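Using the hints, position chain B against chain A.
Just so you know, the protein sequences line up as chains A and B, in that order.
Using this note's numbering, the letters of the first sequence map in sequence onto residues 1 to 145.
Using this note's numbering, the letters of the second sequence map in sequence onto residues 1 to 145.
Just to be clear, a hint being listed does not mean it is correct.
Same chains, same names: a pair is fine if it fits in one copy or spans any two.
[As the list claims (entries may be wrong)] Straight line, CA to CA, 25 Å or less: simulated DSS-like cross-link-like pairs of lysine-lysine:
# : residue 1 : residue 2
1 : Lys80     : Lys18
2 : Lys92     : Lys15
3 : Lys59     : Lys80
4 : Lys31     : Lys92
5 : Lys31     : Lys98
6 : Lys18     : Lys59
7 : Lys80     : Lys31
If you are wondering where the hints come from, they were derived from the structure by calculation, not from laboratory data.
This structure is a prediction, so every number in the text was calculated from the model and none was measured.
The chain contents come next:
Protein chains: 2
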Amino acid sequence: MDKVNDLSESVIFSKGEKITNAYFMGETWLKMLVSNDTIFNCPIGNVTFEPGARNNWHKHPGGQILLVTGGIGYYQEEGKPVQVITEGDVVKIYPDVKHWHGATPDNWLAHIAISTNAQRGDAEWLEPVTDEDYRQLGTLRRTGK
Amino acid sequence: MDKVNDLSESVIFSKGEKITNAYFMGETWLKMLVSNDTIFNCPIGNVTFEPGARNNWHKHPGGQILLVTGGIGYYQEEGKPVQVITEGDVVKIYPDVKHWHGATPDNWLAHIAISTNAQRGDAEWLEPVTDEDYRQLGTLRRTGK
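Chain A extracted, bound-state conformation:
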């Protein structure tokens, strides 16, 4: 199937290294732009998901902001319908809201992830989004965007 775009080199910021922890499914890359410290309390990462890649359900005690720089992806909060996110979208994830994000099955996704109030602690990682649940979100068709 055609891809809407190829973000295998990410967008604007470096792609960084492959994420190897157990909280991501599919290939995802992370470049930390600002590390976690007690001066800014605001770690910032550039995250690039290949088609089909996504993270587990999780929560941030201090919240997180996503700035979508390219591609087409999904963002979902527990108990709510999935949202399709694309270039230029801004996602505000309130503290302790259970959610996940990632690419659609047929598109790359690149976003900047800004962890706010980081002094409140690290993300709490939960269960994966199963293949069954993910597939039920449907295959997004080319939008030409």
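Structure of chain B alone, referenced to chain A:
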């Protein structure tokens, strides 16, 4: 003179409205992506400077991060040489460090500005970068980047 690039429509995020306060010289546009609040404590703006535009010297009590999304600009801290900043650069501005930023004379600049620890208060605005001081930084030539 040729422009390296035309960012009159900004980069990825909306250009927003013209900044009309007295702390900017030349035309600059701001689109707030995340407003200031007590939940995230992290207002985020997309800022687009036309060639020659820059802000006054200022300080942030909680610090600020700049993510450069396009163009070529200047960043300078008091008592230090100017730095040329371009697409993909990340600038960490420590709390209470006096500094300014803006476009070069011949290039647009677009950056995302992330105000960290915003609960510590608003920016303190100081004197302008005079035309004389700004011109002495020299005219940057096309880099082809």
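Those earlier numbered hints the structure runs against, lowest number first: Those not satisfied are hints 1 and 7.
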